[in-house]
Amino acid sequence: MSEWIQILAPDGSVRPGATVPLRDEQLLEMYRWMVLSRMFDQRAISLQRQGRIGTYAPFSGQEAAQIGCAFAVEKDDWIFPTYREIALTFVLGKKMSTALLYSMGHLHGTRSPEGVNLLPGQIMLATQIPQAVGAAWASKIRGEKAATIVFFGDGTTSKGDFHEGMNFAAVLGAPIVFVCMNNHWAISTPLSKQTATATIAEKAAAYGMPGVRVDGNDVMAVYAVAKDALERARRGEGPTLIEAVTYRYGPHTTSDDPTRYRTEEDVQLWQRRDPILRLHTYLTERGLWNEEREAALRQWCREQINAAVEEAERTSRSRLPEVFEFVYGEPTADLLRQREEAESFRALEEGK
Amino acid sequence: MALLTMVQAINQALAQAMEADGRVMVLGEDVGKNGGVFRATEGLQERFGEHRVVDTPLAESAIIGASIGLALNGMRPVAELQFMGFIYPAMDQLATQAARYRFRTAGQYTVPMVVRAPFGGGVRTPELHSDSLEVLCTHTPGLKVVIPSTPVDVKGLLLAAIDDPDPVMVLEPMKLYRAFRQEVPEQPYRLPLGKARLVREGKDLTVISWGAPVLLAEKVAAKLAEEKGLSLEVIDVRSLVPLDMETIAQSVEKTGRVLIVHEAVRTSGFAGEIVARINEEVFYSLEAPIVRLTGFDTPYPVPQVEDDWLPNERRLLQAIERALSD
Chain F
1 MSEWIQILAP DGSVRPGATV PLRDEQLLEM YRWMVLSRMF DQRAISLQRQ
51 GRIGTYAPFS GQEAAQIGCA FAVEKDDWIF PTYREIALTF VLGKKMSTAL
101 LYSMGHLHGT RSPEGVNLLP GQIMLATQIP QAVGAAWASK IRGEKAATIV
151 FFGDGTTSKG DFHEGMNFAA VLGAPIVFVC MNNHWAISTP LSKQTATATI
201 AEKAAAYGMP GVRVDGNDVM AVYAVAKDAL ERARRGEGPT LIEAVTYRYG
251 PHTTSDDPTR YRTEEDVQLW QRRDPILRLH TYLTERGLWN EEREAALRQW
301 CREQINAAVE EAERTSRSRL PEVFEFVYGE PTADLLRQRE EAESFRALEE
351 GK
Chain P
1 MALLTMVQAI NQALAQAMEA DGRVMVLGED VGKNGGVFRA TEGLQERFGE
51 HRVVDTPLAE SAIIGASIGL ALNGMRPVAE LQFMGFIYPA MDQLATQAAR
101 YRFRTAGQYT VPMVVRAPFG GGVRTPELHS DSLEVLCTHT PGLKVVIPST
151 PVDVKGLLLA AIDDPDPVMV LEPMKLYRAF RQEVPEQPYR LPLGKARLVR
201 EGKDLTVISW GAPVLLAEKV AAKLAEEKGL SLEVIDVRSL VPLDMETIAQ
251 SVEKTGRVLI VHEAVRTSGF AGEIVARINE EVFYSLEAPI VRLTGFDTPY
301 PVPQVEDDWL PNERRLLQAI ERALSD
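Protein chains in written order, with the numbering used here: chain F, 1 to 352; chain P, 1 to 326.
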């Protein structure tokens, strides 16, 4: 493993000389989010297998990288996630039922919670990067303190928009943090076929911005690095690239079969560096956590998730006439005619 | 002959092309070890090696741009866009480059490449994977645009596309990849680009389509023949550029009535082009206004409404009724 920043080692010990950047209550809060997200992820996969939701992109293994960043952002910041930053969006206020609606193919699945500048999870890889630069630029133009944080995977660093966005941000000195969630796999393509550089972080040098490599399974280190970079942005010192080194335990999506391209040993190697396990060990050894609390937390999570599933399944299905609503601010005359046509099909169907 | 799905027929065509010609290469995201997300390239890397079946970085513009370079310099690349929805970053390479090298150099440089792209709806993909974007390509002179809808056609058209001296887009309807099997001749064969397939002969109405709706039109035509004694002629154009106007015109002269069905959104959809061509060439054979059945003018919608949004049996029956009414 090349150089990286780590505070909490896989065995749950704090690295010699490192400072824990969060208070105990914050760490407990993070732990709860990580367990809730992991349990949600597992439940979502099982719902997909039962045919109750459609395609789903699991994130198990990446909880620390997402939740560490979520804790680092401030209220006015702008957040551009990808489809896999599901745990991050939960911390920022997205309801679990909304995430389920997304995979159920419901029109409301891409809606953002109120009171936070959170864009829907990006599907068209890398497009969010230049957009985030623009959002950061706007904050800078207006002299606001808000920073922007944008997420993408290791595969996305191969795309033109990654290069264009990084370059432009550095030229502008935009208040932005680029976070590469390096989970080592772009569907079946390993990092070694994606880039010839040893790390993603070192690419920052080419654009004239700092690049930081962090243990993405260490929620303390991710938080500290993201916080620093966001503060740097807010101080007007420009962009930073963070490479959070992590691993996706599951398939790319529920349509993917990872046994075709990687070994079980590889997965197990990363499971020994599990983000939740190490925080659990740390909290237990500090006397902040025990089996009883764990059982109570898991029970609470199950209830929350059950309620979310129930809410999503109770939501009435999207209907064709609704798709005409948000094409333009004011629907064109043509669209209104097409909506009538769509409604007449519906009436026809219901009349039968 | 073996009974093959479209995906298997594509796989066989690629294998035979690579077997016959060392210049043929396959490149794209996840096409090698994973055999493609739809398994269209399954087993090809094992058989032909990592240098001919290449897992590329995640970069559509680079995949197409590099394919252009490969083609300029003597190779025969068959690039895969994982989904046609991902074509946009590659449009610069396709529209301003691949389509124009022959034109700009008076034939000194040519781009004999094939781009395969799964497209179309009805399979519950996540957002932005299901758009029918064929007119991006048809509106780009220099590109040929082929849309097979059967296992037999896809093998013959893909092999012809690989032989073709110009860039050919082979758009593959995802919904039909495994929808049915067909006896596909084992030996390599070519079908001419720009020749429509008469799916079903009829005299009351000409139904023109391509991609996934062809199968729907075929089924509905059979049903209406049985139930109502209606005689529908169904044409699968198979190729939008070049377009087989001869087959279309002959059919219109026979039936006098036309319905055009496509999944793409209505405004600037290719149906508009065919309507114009019919007006130009066989207007006086028409007995009634031409009817189009298309997607609506909205972004491709979420899975919960896609079946209502797409041309479906209910909408098709209504459109047929309209086309026959005047």
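Mixed in with the good hints there might be a few duds.
Claimed, not checked - FRET-style restraints, in silico, Cβ to Cβ:
1) Arg260(F) - Thr267(P): 36 to 44 angstroms
2) Glu281(P) - Gly134(F): 44 to 52 angstroms
3) Leu269(F) - Asp307(P): 40 to 48 angstroms
4) Glu227(P) - Gln268(F): 46 to 54 angstroms
I should point out that these hints are in silico values taken from the structure, not numbers from a laboratory.
C-beta: ideal position from N, C-alpha, C; glycine also.
Hints versus structure:
no.: 1; hint: Arg260(F) - Thr267(P): 36 to 44 angstroms; in the structure: holds (41 angstroms)
no.: 2; hint: Glu281(P) - Gly134(F): 44 to 52 angstroms; in the structure: holds (48 angstroms)
no.: 3; hint: Leu269(F) - Asp307(P): 40 to 48 angstroms; in the structure: holds (44 angstroms)
no.: 4; hint: Glu227(P) - Gln268(F): 46 to 54 angstroms; in the structure: violated (60 angstroms)
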